[in-house]
Structures are given as C-alpha cells and as structure tokens.
Amino acid sequence: MRFTLVALLLISGLPGSSQNLLAIPDTLSGTVFNLNIAPGTRNFYSGFTTNTIGINGDYLGPTLMLRQGDFITINVNNNLTDTTTLHWHGMHVPAIADGGPHITITPGTTWSPSFEVKDKASLHWYHSHLHMRTAEHVTKGASGLIYVRDTEEDSLSLPRNYGIDDIPLVVQTRAFDPAKQFLVESAADSVVVINGTMDPFILLPAQVIRLRILNAATERSFNFGFSNNSLFYQIGSDGGLLSAPVSMTRLLLSPGERAEILVDLSALNGQVFSLMSFASQIPAGIYGAQNPQGAGPNLITGYAANLLNGNDYDLLQINVVPPNSNPVTVIPSSLSIVQPYLESAANKTRDFIFSPEVMGPTGSLLGPFVINMMSFDMMMINDTVRLNDIEVWQLTNQTRISHPFHIHDVQFYILDINGVAPSPGMAGRKDVVLVPPLGGTVRFIAKFEDYADPVFPYMYHCHMLTHEDGGMMGQFIVVDSSTGLPENEKGFFNVYPNPVVSGQITLTWNENTGSDITLTVFDITGKELEKIEIRETTSSVFTLPVHDFPSGIYILKLESESGSYYDKIIVDN
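FYI, the numbering for the sequence shown is 514 to 1086, going by this note's numbering.
Note that these hints are calculated values from the structure, not bench results.
Treat the numbers as computed from the prediction; the structure is a model and nothing was measured.
The reader is advised that the hints may include incorrect statements.
Here are the computed lysine-lysine pairs in the DSS-like style, where the Cα-Cα straight-line distance is at most 30 Å [what the hints assert, rightly or not]: (1) K631 / K861; (2) K960 / K1070; (3) K1081 / K1040; (4) K1044 / K1081; (5) K1044 / K1070; (6) K1070 / K631; (7) K1070 / K1081; (8) K1081 / K631; (9) K960 / K631; (10) K1081 / K861; (11) K1040 / K1070; (12) K960 / K1081; (13) K861 / K960; (14) K631 / K1040.
Distance windows between CB atoms, simulated [said to hold, decoys possible]: (15) Y1009 / P937: 51 to 57 Å; (16) G543 / S1077: 35 to 41 Å; (17) N885 / F561: 42 to 48 Å; (18) Y1009 / S559: 56 to 62 Å; (19) R673 / N1007: 50 to 56 Å; (20) P810 / E870: 19 to 25 Å; (21) P810 / D902: 40 to 46 Å; (22) S756 / K861: 26 to 32 Å; (23) P835 / S857: 52 to 58 Å; (24) E856 / A757: 20 to 26 Å; (25) D1085 / P691: 36 to 42 Å.
Glycine included, C-beta positions come from ideal geometry on N, C-alpha and C.
All chains, full assembly: derive it from the sequences and hints.
Below is the structure:
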C-alpha cells in the first residue's frame, strides 16, 4: 500500500500538510577547505527547537567539490563541547588522514589532514566516526557530501549544473521525541528528511536530470523509484561511473551506499510526480521491509507501528517546468572503463563471519553483533594486509537481518552475492555492500595500494550506525614489507600499562638489541614530542614518565640496528 508523506505525517499526528522547497547544500571548492563543526538548532516543527550538529551551518554541511589529482588540505575546527572525528567515506586516503575513531578532534582544536585526491569522478560523503557516538553525531547532522570530478567525466555529455540539473539528495529518516529532539536508537524513524528538508518538493526542468543519491539513514534501506514508474538509468555506484548506463525502475540502497541516476523529463513538462521508496517490495530481512527478520516474527520494539516499514511512500515531489537553455537531452551509451581485478590474481582470501554476540532468536535480530566473534577493540588490530596485495574478502552473515558492510581505504568489486554474479548496477566500484541474512554470503575483491601505515588502522564495519556503535567493527593495517618496518606484532617490545593511568609507562625488549635505541614519541597528528637516546643495555627495560601528557593516543617509535618498530599507547591522566 502506498502512503504519501503528508498522509503518513497526519496519521502519525505530526504537522505536514504544507510542503517545503528542497534545500540544496552550499558548495566549497579549491584546494583548502575550512569546516567548522558546531552545535546548532533548527525548527523542524513550528514552535519547537531541535538541537543539532552542523558543519558551517545548523544542520549537515557544504558539498566539497574536489578534483582528481589535486593536493588538498581540510581544516576541521571542532567548536563542540564534545570530542568528534570526521571521516571521508569512500575516499582513498592515507590512514592518518582517514578520520576514523583513532583520529579524534578534541573541543576547541583543529585537525588539518592533507592528501592527494586519487579517486575517480564519484560521489562520496563525510561524517563523524566517533566510537560509540557515531549514530548520535550523524543523526544530529554531522555529515555532508563530496563530489569528485575528473577528465573522463568531463568528456561526457552529462548534467553537471549543481542544484539545477545535477541534484544532490541526502536521504534520511529521523525519529523525534515529544519535545522534538532527535532519538538515536529508535524504530520510530517515520519522518523523511532530504537535505535537511521535511516534506520537500523541487522544480526540475524538462530535460535529462542527474540525481546523486546518498542513503544517509541510520539503519533504513530505501527502494527508490518514481510514482509514474518512469524508467531511469543508473550511471554510477559508490566509487564512480559504471561502464554504461543501466536501465531500471527500482534501486535498493542500504545505509552508506550512493548511486547516480539519470531520468529523462523531456516529455513531462507541467507534470507532477514523486520520487518514492517502494518499501513493500523490499525483501524480508532488510530494515525497511515489512519484516526486518529473515525468518520468524519481528522482534524490534516499535517497528511494526512505523508506517514506513513495508509500505510505499513519497520522498520528494517533483514539479516539471520548462527546460533550460542548452539542456542535456540524450542518455549516453557508454561511460567509463571498469576493470575488476581477476580472482586468479588474488594473493589472499579472508573470511568474515557476522554473528550475534549472544546467540538466540533475540540476539540474531537485535544484536549486539560481532565480526569473527570479536566486538570492536580500539587497541586490537584484527587484520594485517600487505601493500599492493589483491585480496578476496568473503562475508558470511549468520544473523537474521541484513548488514551493509563498509570498508575504508579502498573500493572493491563484488564477485558474487549468494553465489550469483552482481547485477550490472552493482558491478562497478563499491565500498558498501548489503550482506543477506540467514547464512547469506558476499565475496568481493580489492587491491590495497598506495598507502601503508604500520600504526594507524583503517576500519571495516556494518554501516547501520547503531550496529557499528555496538561493536560490529574491526580494523586493519596496511604494511609495506619492502620498507623493513616490522609492526610490533613481531614482539620486538612491549609497553605496559596500556592504557596508562599511573603516570608512567614501562618498555621492555624481548631480546638484547646489541645497539643503542632511539625512542621517539608522537602525538596523534604526527607531531614529534620527545626523542630519547637509550644506550645499549642488557636489562632491556626503560621507564618513561607521561605525567605531563594530555589524555589521548600517542605513537611510540623505537629504532635500532635491526629496524624501526611502532606501537601506540592511550594516556588517561
């Protein structure tokens, strides 16, 4: 059954009889970007003020316009009273610039990562990634879009007039308490918000239109289509353009996934129709379907009462107006060269098993969930990958709900889902894939190139943010074996206590190095704090006072004749 958004709001007892013009996020371009994360407020409801987190505004942030090959710096100023992070979701950047949970930005400080834009033309996004607080910060608005352009995309006849025929759509559902404050862990996410606009409409010219869609919901999957059942063409997935447009009438996107589509409005001047989610057609076992559980009864409290679940509903009303001058009127026949890695070239296959932390029917749907029987531990490196290796990752979901799996650092190519090759729309570069429930499997292949760091990890996790916060996350480092930098997994030295609460740390060596040792201490930004020369000793023990170190993460580097070794400590003074 289809419900319009207005009808849903009225049924829910919420105001929604009037529509609002869709907001289009501002843009920033160049090679130096300044982002200010700060508390804000917004009047989503008349007479109520909702507390938010905004980036250069009161809710969400500007769209960053990047160009492949540029070397950029992003100055992230934290004006919150809370620590946060900012992660460049989908982008191929050094681990120290990735913005994961290890790269925290404390209140009143600025983090300034710099990196080369190596990605192809694509749609990415940035969002807070604070451990155990990601869902809260993102729900309140700490996210924004990233456009990457390149010469290949420049050569194509595609709509690219931002906000005119090239429309960014940050699609979310949100839950509010009676005081109209955001609820984070709630199945009452019955309010659709696009680009921060409730009950939105847009005026689009009668020509070929490009919609860049991000599913930024906390947990919900959307099954996109149009109320008039118009054919549309997917031209891009998470990591960039497909080889050719793929015609379709439905597009399922899980949290974190992106897609670019073209729709031809040339013959629809004067007509009104809607972008919708056809949730009645979402298979069981996916959050947003009639039953989010792959088998058995639904156990999520409040889920059945949410009218978005299993029903078709409007997302965005589209009013078609006369075309602009020099409109795009033709869908291109080809787009990009897409060359997946050959499975025969893989250096390694890894297995990842999703399971409930507590077995049983309740745990298998409600969580908390774990990967390979391990809940996330900030101090544990789950996997070590060699630089330039091609790997196959096999994901097996033993829970009763689907999980959108996201990997940092690289884009991958899907080999198969439940043993079946991916559809053409999923055959391009990806960084999120929805893993089916009840023993469902996904295999993908990726190459870990360009960046190695023996200390700072990349993450992989479920992109249902409540699952991620609950521990469904792991981390890996990429190491360059040619540099002779053995990670401390070889046990060259030990550090204790860690975390440090006693004001000092003790370092011990498992063997006599037969040489002097240099100990260097860095803060999380890579700034050198101390360098100490330790003379050759047979005791292999050294004590370092850290009374004056502010609480945080620090990197230790020990150099001797046998090589350089790294480890990290957490100071909690």
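Outcome of the hint check:
1. K631 / K861: Between K631 and K861 the Cα gap is close to 25 Å, so the pair holds against 30 Å.
2. K960 / K1070: Holds, at roughly 28 Å.
3. K1081 / K1040: 14 Å, holds
4. K1044 / K1081: 15 Å, holds
5. K1044 / K1070: The given pair, whose Cα atoms are some 9 Å apart, holds under the 30 Å limit.
6. K1070 / K631: 29 Å, holds
7. K1070 / K1081: 9 Å, holds
8. K1081 / K631: 28 Å, holds
9. K960 / K631: With Cα atoms ~14 Å apart, K960 and K631 stay inside 30 Å; holds.
10. K1081 / K861: 27 Å, holds
11. K1040 / K1070: 12 Å, holds
12. K960 / K1081: 26 Å, holds
13. K861 / K960: Holds: K861 and K960 sit about 11 Å apart, inside 30 Å.
14. K631 / K1040: 25 Å, holds
15. Y1009 / P937: 51 to 57 Å: 54 Å, holds
16. G543 / S1077: 35 to 41 Å: 36 Å, holds
17. N885 / F561: 42 to 48 Å: 44 Å, holds
18. Y1009 / S559: 56 to 62 Å: 58 Å, holds
19. R673 / N1007: 50 to 56 Å: 55 Å, holds
20. P810 / E870: 19 to 25 Å: For P810 and E870 the Cβ distance comes to about 21 Å; the hint holds.
21. P810 / D902: 40 to 46 Å: 44 Å, holds
22. S756 / K861: 26 to 32 Å: This hint holds: roughly 27 Å between Cβ atoms.
23. P835 / S857: 52 to 58 Å: 54 Å, holds
24. E856 / A757: 20 to 26 Å: At roughly 23 Å between Cβ atoms, A757 and E856 fall inside 20 to 26 Å, so the hint holds.
25. D1085 / P691: 36 to 42 Å: 38 Å, holds
No hint from the list above goes unmet by this structure.
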